[in-house]
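Construct the complete structure from the given sequences, taking the supplied hints into account.
There are 2 protein chains.
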Amino acid sequence: MTTDARLADLVADLPEGVVVTGPAEIEKYREDFARDGSAGAPIAVVRAETAEQVQRAVRWAAAHGVPVVPRGAGTGLSGGSSAVDGGITISLDRMRAIEIDPASQVAIVEPGALNAEVKRAAAEHGLWYPPDPSSYEICSIGGNLATNAGGLCCVKYGVTTDYVLGMDVVLADGTLVRLGGKQIKDVAGFALLKLFVGSEGTLGIITRTTLRLIPAQRAGATLVSSFPDMTAASRAVVAIRATVRASMLELMDNTSINAVEDWRSHGLDRSTGALLIAQSDAPGASCAAEVDVMRACCEAAGAVEIFTTTDAEESAMFIAGRRNAFHALEQRGSVLFEDVGVPVPLLPDLIDGVAAIAARSGVEIAVVAHAGDGNTHPIIVHDAADPDSVARAHQAFDEVMALAIGLGGTITGEHGVGRAKRSALPDQLGADVIALSWRIKDALDPDGLLNPGAVLQPRPGT
Amino acid sequence: MTTDARLADLVADLPEGVVVTGPAEIEKYREDFARDGSAGAPIAVVRAETAEQVQRAVRWAAAHGVPVVPRGAGTGLSGGSSAVDGGITISLDRMRAIEIDPASQVAIVEPGALNAEVKRAAAEHGLWYPPDPSSYEICSIGGNLATNAGGLCCVKYGVTTDYVLGMDVVLADGTLVRLGGKQIKDVAGFALLKLFVGSEGTLGIITRTTLRLIPAQRAGATLVSSFPDMTAASRAVVAIRATVRASMLELMDNTSINAVEDWRSHGLDRSTGALLIAQSDAPGASCAAEVDVMRACCEAAGAVEIFTTTDAEESAMFIAGRRNAFHALEQRGSVLFEDVGVPVPLLPDLIDGVAAIAARSGVEIAVVAHAGDGNTHPIIVHDAADPDSVARAHQAFDEVMALAIGLGGTITGEHGVGRAKRSALPDQLGADVIALSWRIKDALDPDGLLNPGAVLQPRPGT
Numbered sequence: 001m002t003t004d005a006r007l008a009d010l011v012a013d014l015p016e017g018v019v020v021t022g023p024a025e026i027e028k029y030r031e032d033f034a035r036d037g038s039a040g041a042p043i044a045v046v047r048a049e050t051a052e053q054v055q056r057a058v059r060w061a062a063a064h065g066v067p068v069v070p071r072g073a074g075t076g077l078s079g080g081s082s083a084v085d086g087g088i089t090i091s092l093d094r095m096r097a098i099e100i101d102p103a104s105q106v107a108i109v110e111p112g113a114l115n116a117e118v119k120r121a122a123a124e125h126g127l128w129y130p131p132d133p134s135s136y137e138i139c140s141i142g143g144n145l146a147t148n149a150g151g152l153c154c155v156k157y158g159v160t161t162d163y164v165l166g167m168d169v170v171l172a173d174g175t176l177v178r179l180g181g182k183q184i185k186d187v188a189g190f191a192l193l194k195l196f197v198g199s200e201g202t203l204g205i206i207t208r209t210t211l212r213l214i215p216a217q218r219a220g221a222t223l224v225s226s227f228p229d230m231t232a233a234s235r236a237v238v239a240i241r242a243t244v245r246a247s248m249l250e251l252m253d254n255t256s257i258n259a260v261e262d263w264r265s266h267g268l269d270r271s272t273g274a275l276l277i278a279q280s281d282a283p284g285a286s287c288a289a290e291v292d293v294m295r296a297c298c299e300a301a302g303a304v305e306i307f308t309t310t311d312a313e314e315s316a317m318f319i320a321g322r323r324n325a326f327h328a329l330e331q332r333g334s335v336l337f338e339d340v341g342v343p344v345p346l347l348p349d350l351i352d353g354v355a356a357i358a359a360r361s362g363v364e365i366a367v368v369a370h371a372g373d374g375n376t377h378p379i380i381v382h383d384a385a386d387p388d389s390v391a392r393a394h395q396a397f398d399e400v401m402a403l404a405i406g407l408g409g410t411i412t413g414e415h416g417v418g419r420a421k422r423s424a425l426p427d428q429l430g431a432d433v434i435a436l437s438w439r440i441k442d443a444l445d446p447d448g449l450l451n452p453g454a455v456l457q458p459r460p461g462t
Numbered sequence: 001m002t003t004d005a006r007l008a009d010l011v012a013d014l015p016e017g018v019v020v021t022g023p024a025e026i027e028k029y030r031e032d033f034a035r036d037g038s039a040g041a042p043i044a045v046v047r048a049e050t051a052e053q054v055q056r057a058v059r060w061a062a063a064h065g066v067p068v069v070p071r072g073a074g075t076g077l078s079g080g081s082s083a084v085d086g087g088i089t090i091s092l093d094r095m096r097a098i099e100i101d102p103a104s105q106v107a108i109v110e111p112g113a114l115n116a117e118v119k120r121a122a123a124e125h126g127l128w129y130p131p132d133p134s135s136y137e138i139c140s141i142g143g144n145l146a147t148n149a150g151g152l153c154c155v156k157y158g159v160t161t162d163y164v165l166g167m168d169v170v171l172a173d174g175t176l177v178r179l180g181g182k183q184i185k186d187v188a189g190f191a192l193l194k195l196f197v198g199s200e201g202t203l204g205i206i207t208r209t210t211l212r213l214i215p216a217q218r219a220g221a222t223l224v225s226s227f228p229d230m231t232a233a234s235r236a237v238v239a240i241r242a243t244v245r246a247s248m249l250e251l252m253d254n255t256s257i258n259a260v261e262d263w264r265s266h267g268l269d270r271s272t273g274a275l276l277i278a279q280s281d282a283p284g285a286s287c288a289a290e291v292d293v294m295r296a297c298c299e300a301a302g303a304v305e306i307f308t309t310t311d312a313e314e315s316a317m318f319i320a321g322r323r324n325a326f327h328a329l330e331q332r333g334s335v336l337f338e339d340v341g342v343p344v345p346l347l348p349d350l351i352d353g354v355a356a357i358a359a360r361s362g363v364e365i366a367v368v369a370h371a372g373d374g375n376t377h378p379i380i381v382h383d384a385a386d387p388d389s390v391a392r393a394h395q396a397f398d399e400v401m402a403l404a405i406g407l408g409g410t411i412t413g414e415h416g417v418g419r420a421k422r423s424a425l426p427d428q429l430g431a432d433v434i435a436l437s438w439r440i441k442d443a444l445d446p447d448g449l450l451n452p453g454a455v456l457q458p459r460p461g462t
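In order, the protein sequences belong to chains A and B.
Residue numbering for the first sequence follows this note's numbering, starting at 1 and increasing by one per position.
Residue numbering for the second sequence follows this note's numbering, starting at 1 and increasing by one per position.
It should be emphasised that the hints constitute simulated quantities derived from the structure, not laboratory data.
Cβ atoms here follow ideal geometry from the backbone N, Cα and C, with glycine treated the same way.
No false leads were slipped in.
The calculated label-pair distances, taken between Cβ atoms and stated as ranges, are:
1) A:Asp13 - B:Thr50: 49 to 59 Å
2) A:Asp447 - B:Gln331: 49 to 59 Å
3) A:Arg178 - B:Asp311: 42 to 52 Å
4) B:Ala97 - A:Asp292: 34 to 44 Å
5) B:Asp311 - A:Arg120: 39 to 49 Å
6) A:Glu313 - B:His125: 37 to 47 Å
7) B:Gly302 - A:Asp447: 55 to 65 Å
8) A:Ala359 - B:Ala431: 55 to 65 Å
9) A:Arg178 - B:Gln331: 39 to 49 Å
Partial pick of chain B residues on the chain A-facing surface, computed with a CB cut under 8 Å:
10) Asn148
11) Gly181
12) Gln183
13) Phe190
14) Leu195
15) Ile214
16) Pro215
17) Ala282
Here it is as structure tokens:
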């Protein structure tokens with residue numbers, strides 16, 4: 001059967017408009033925000049409206065041996081939803097229903113719903129869905145589950161997997177399985193639900209999830225402290241984390257600050273070497289007490305200036321600056337996004353090591369960080385039109401990952417491996433864990449059709 | 001090769017005293033606390049001192065097709081570490097090293113270390129390992145990981161899996177893999193670590209784990225409220241949980257109270273229909289505010305008497321009463337331990353349903369509950385010497401699980417499936433999820449030698 005004839009079967013099997021085959025339309029679904037050059041030429045995009053349509057598309061793909069790339073909002077930063085040659089992309093962007101069950105304190109959410117939409121729906125019932133990637137206004141819950149996304153408040157409130165109670169997953173053969181539910185604790189059988197979280201669409205396609213909600217976060221206080229450099233700031237982070245449970249502990253370096261200010265003024269001081277943005281949401285007088293501890297830690301680490309506020313708008317301005325760093329840095333050139341993490345006490349070593357790599361490679365590396373978790377985002381800015389700049393940027397990209405691995409850390413704390421980092425994964429995990437991962441992959445996707453090339457490098461000969 | 005000859009190889013391969021073959025010694029490792037009659041006759045117990053010895057034993061077992069049952073402290077309540085006929089039990093009770101890294105806020109722990117030992121070691125550094133099964137003084141960390149154990153404080157602080165950052169696992173072929181580490185966030189590759197947690201020794205044997213610690217818990221306040229019956233008390237729980245994040249929300253029914261008082265006086269009122277024990281560890285004035293909310297919820301639900309205290313010793317007495325319920329009920333006869341959970345708002349339905357089953361079956365069912373998580377422990381007391389009583393007890397046991405499943409809940413919230421509940425697992429998960437579970441099991445343990453018969457029912461013909 002020709003590609004066209006096979007595709008005609010798929011088009012006929014699904015409602016009008018679900019299967020998109022026009023080149024201009026397909027192009028919109030080809031890359032994610034990593035723009036890492038890994039995207040191939042897909043034959044169609046399936047804009048599914050229901051889980052049943054996802055099943056039909058997957059069954060069709062299984063029957064014809066066609067690769068399937070699941071895709072949420074396309075805001076991923078590691079090429080995890082890059083389209084593949086001759087494959088189909090199943091976009092979940094039309095499946096965005098959100099139902100809140102306030103009595104059970106859960107949200108039942110389709111994967112295309114945006115993180116911010118879930119937060120808003122929960123807030124209407126005085127409830128809160130904590131995980132908050134910087135991109136929360138534009139990223140989808142499905143993508144959050146695919147990468148086990150983190151964010152700013154995870155330093156106190158944990159990451160996506162900590163909030164997933166249930167899910168529906170379409171497996172590689174089109175079977176839909178239902179895992180977990182509204183119960184808080186459940187150890188009946190293997191932790192399959194946890195296995196699908198963070199599997200980046202390589203083991204199944206999540207078509208619905210039940211998320212745990214908690215009572216709304218209390219208003220808190222924000223401390224903003226400037227430091228002469230990132231090393232001093234990261235020492236303050238280590239000291240703070242050893243003493244209080246901050247609800248936010250973020251860092252920006254001088255390059256990030258200036259990029260943000262260039263893009264849009266957030267009132268940040270361009271001369272600052274490093275900026276720490278910390279919050280406490282402890283109740284009552286404890287909040288001020290925690291802020292006092294943070295202040296003392298900052299002073300001991302060599303803070304230049306410390307500002308505190310309980311005004312929500314004022315603190316939102318600083319946090320927006322931090323959240324906008326990725327976007328602002330993209331205005332300066334092409335970027336490679338790192339997501340390396342280390343045990344928290346080694347944060348200063350990681351920061352120093354990244355600076356050394358930047359100096360050695362002659363590329364600009366800006367750093368923002370979910371510092372309280374030891375998770376940093378070195379962002380490598382380069383000139384895509386200059387092959388030498390590109391080569392040096394990729395060299396630096398690999399060296400930063402090797403640095404993190406050498407410090408006992410990880411190549412990715414929250415963005416996922418995708419295609420951009422898969423070559424470094426064996427260095428972190430070792431051959432035995434890679435072999436174990438393939439056993440899982442082969443068991444769940446024996447024909448290797450689900451998001452091939454993401455997470456695990458294709459095996460020789462395939 | 002005869003069994004004796006094979007065993008001689010194993011004995012020769014390990015240091016003196018590691019392989020135990022005397023019948024009286026073996027007997028001590030045959031059953032867990034479920035005493036569910038599932039234990040077979042093993043040929044030896046390997047009391048491993050190192051991960052390398054575990055690897056040797058597993059390699060020997062793989063070479064000879066001998067089943068392997070891993071075992072911690074043997075305090076499991078579902079027959080998960082019952083010995084199997086012709087197999088070996090690998091006991092981890094000698095591997096109990098604990099190392100605290102206060103800067104990284106982690107504990108590196110061997111599986112035989114008791115939960116309480118980890119808590120104490122952490123406390124020496126002002127740190128806290130939250131998960132606290134009722135049996136925390138006698139249960140091992142390895143067993144906690146095997147079942148993803150919960151406890152009293154998980155209503156606010158989560159369960160075991162939420163604290164596992166790293167582990168060493170010996171796979172079915174004897175390979176040791178190292179997963180995770182001291183980094184807080186890590187999404188590099190599949191969530192294999194989470195898959196091993198709760199797998200009850202059927203996928204691998206955990207020989208070391210890195211556990212996340214948090215700053216020590218604040219001293220709090222305790223509220224103890226009596227109710228005419230469990231239904232009223234469970235309504236109070238639902239109301240409290242909708243409003244505040246209590247750090248403990250436990251229930252005891254009249255039967256449990258009297259069993260505890262019969263065994264040893266804890267100062268509980270024997271006439272009480274149901275007792276709610278709640279705690280707040282919110283800081284400062286918020287603690288009193290949370291207790292006020294709890295009090296109002298109890299009053300609205302029909303509380304008979306409400307007592308509050310900030311005295312640690314006074315509250316410890318009530319909590320000890322709750323923790324000792326299992327042991328006290330065992331003094332009244334043979335017991336079957338349930339561990340069913342439902343979405344929290346359905347707690348009153350579960351409570352009522354259990355009472356109806358008790359009435360219908362003519363067996364005594366005491367109920368204690370981690371009520372704030374919707375997780376209850378109906379404990380079926382019967383006379384093991386009376387076949388009719390035994391039959392009615394088992395009938396009730398199955399009916400309680402069916403009740404929980406019917407309410408959209410789970411047959412086990414924290415004890416694991418083991419062998420005692422495996423026949424009900426397909427009713428909860430459905431055939432497709434069972435098939436998916438077998439794919440994982442077959443991928444990791446192709447010869448089916450790791451804890452065979454636990455979690456998943458043996459397939460026909462095996």
